[in-house]
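Chemist: Protein sequences appear in the order of chains A and B.
So for the first sequence, the numbering used here puts the first residue at 10; every next one is plus one.
So for the second sequence, the numbering used here puts the first residue at 16; every next one is plus one.
For the record, the hints were derived by calculation from the structure and aren't laboratory data.
Yeah, the Cβ is synthetic: ideal placement off N, Cα and C, and Gly gets one too.
Be a bit skeptical, because a hint or two may be false.
[As the list claims (entries may be wrong)] Just so you have them, the derived chain A footprint on chain B, three or more residues with Cβ under 8 Å:
#	segment
1	34 to 44
2	112 to 121
3	316 to 328
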Amino acid sequence: MESSDNKKFSVAEDETGKGCTFAFTGEGHTIGNALRYLLIKNQDVEFCGYSVPHPAEPVMNIRLQTYKNPPLETLEASLNQLTSVCDLLLSKLDSKNI
Amino acid sequence: MDANTAYLTQNTPENVHTVEHPLSGGKTLEEILSNIEMTIIEEKEEHLIIDLVGIEAPIANALRRIMLSEVPTMAIEDINLWQNTSVIPDEVLAHRIGLIPIDADPRLFKFKHPNEEHSSENCICFKLHAVCRRLEDGSIVGDKVMSGDLQWQPFPNQQERFGHFKPVHDDIIIAKLGPGQEIEAELFCEKGIGATHTKWSPVCTASYRLAPKITLKKEIAGENAINLKNKCPMGVFDVKKGKAVVKNPRNCTSCRECIREDDSMVSLAKVKDHFIFTIETTGALSPRDIFREAIKELRDKAAFWLDKINIYKRTPKS
Chain A
10 MESSDNKKFS VAEDETGKGC TFAFTGEGHT IGNALRYLLI KNQDVEFCGY SVPHPAEPVM
70 NIRLQTYKNP PLETLEASLN QLTSVCDLLL SKLDSKNI
Chain B
16 MDANTAYLTQ NTPENVHTVE HPLSGGKTLE EILSNIEMTI IEEKEEHLII DLVGIEAPIA
76 NALRRIMLSE VPTMAIEDIN LWQNTSVIPD EVLAHRIGLI PIDADPRLFK FKHPNEEHSS
136 ENCICFKLHA VCRRLEDGSI VGDKVMSGDL QWQPFPNQQE RFGHFKPVHD DIIIAKLGPG
196 QEIEAELFCE KGIGATHTKW SPVCTASYRL APKITLKKEI AGENAINLKN KCPMGVFDVK
256 KGKAVVKNPR NCTSCRECIR EDDSMVSLAK VKDHFIFTIE TTGALSPRDI FREAIKELRD
316 KAAFWLDKIN IYKRTPKS
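Isolated chain A, as found in the complex (with noise of 0.2 Å):
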């Protein structure tokens, strides 16, 4: 990442605590969609989406309701999955029978 400096996280709570929306600055589609769709598997989410704003703002928010668990965590586990999804693209990438 070019300019990691500039990228900043940020939670807006609801009163309930089981809707969060977050902002993702330096963020655009790719990892917006990418996310809402590992999110959307879970079975804890009763909803969520994503937006990009304006196009000449580098803002992504992700919106997040679950059922039970607190939407950061939920959007934490769906980090991780992001990365192991990554992990075994690498690993299939890099076996000798491909």
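Assemble the complex: chain A is given as a structure, and chain B must be docked to it using the hints.
Modeler: Positioned in the frame of chain A, the structure of chain B alone reads:
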């Protein structure tokens, strides 16, 4: 209808919708992870065709986007133009020079911060000195300035550590000079990403398409088979022992000519979870390396935000 197949009909694509949510019939992540397949179809020095089966579009698209704009390469960023008496304006010349692909492994270098000096860690320096002359016999030498004229100026230790750097191609014309004209410049390559400027993009193009699935709805023989074979401009069909067969389904460009007049013979479809990636490199990295770096970049992104979340959790809330 198979949920994993999108059909092309005479008027419209059908069944194109994909279901992601497991409760609505989408696959669970475990199902997906245990069924991913990767096959290299064609690998050449400058391009790669690779099949990714079993993943879904958001992951495939993330990889494609990262290859285009977030895998780093080296490109000329700063230029000290000491002399330019050619007809090309300084800024146009500088821009042209910036676009020259440089054959250097970006993984050996660090990103240069704006307030950092050029050093052996973050920079490759080239010198360009081109003079055009008219010789006594009237012939003109040096009228073309080529990318091969760039002379590498190694920083201390660079030669021992990295070997040799040069542009990927020696035959790119940078400028044309008239007799007496001269260009003298110092060029500094930096590591960067395609999102900043396309000159840093490692690919000419990286794209994916869904694998075509072409089946014959009934037995086609005799004249019909020959007609079908001749209809397809891409040579998808062939005739064997008087019967039509699907020979090269991958050639299909979805032009739908084979179903335009009569759609009772051929079924044209796409497999929704079979992505055919085509990666063409500009030459700095091998296409396989670009793909590998893209996957790593996606993984690093996830790791980076996990880190940020950890920091957020440790910061006291007001």
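Chemist: The structure should be examined with respect to each hint, and the outcome stated for every one.
Modeler: Cross-check of the supplied hints:
no.: 1; hint: 34 to 44; result: holds (count 7)
no.: 2; hint: 112 to 121; result: violated (count 0)
no.: 3; hint: 316 to 328; result: holds (count 11)
Consistency with the previously given hints fails for number 2 only.
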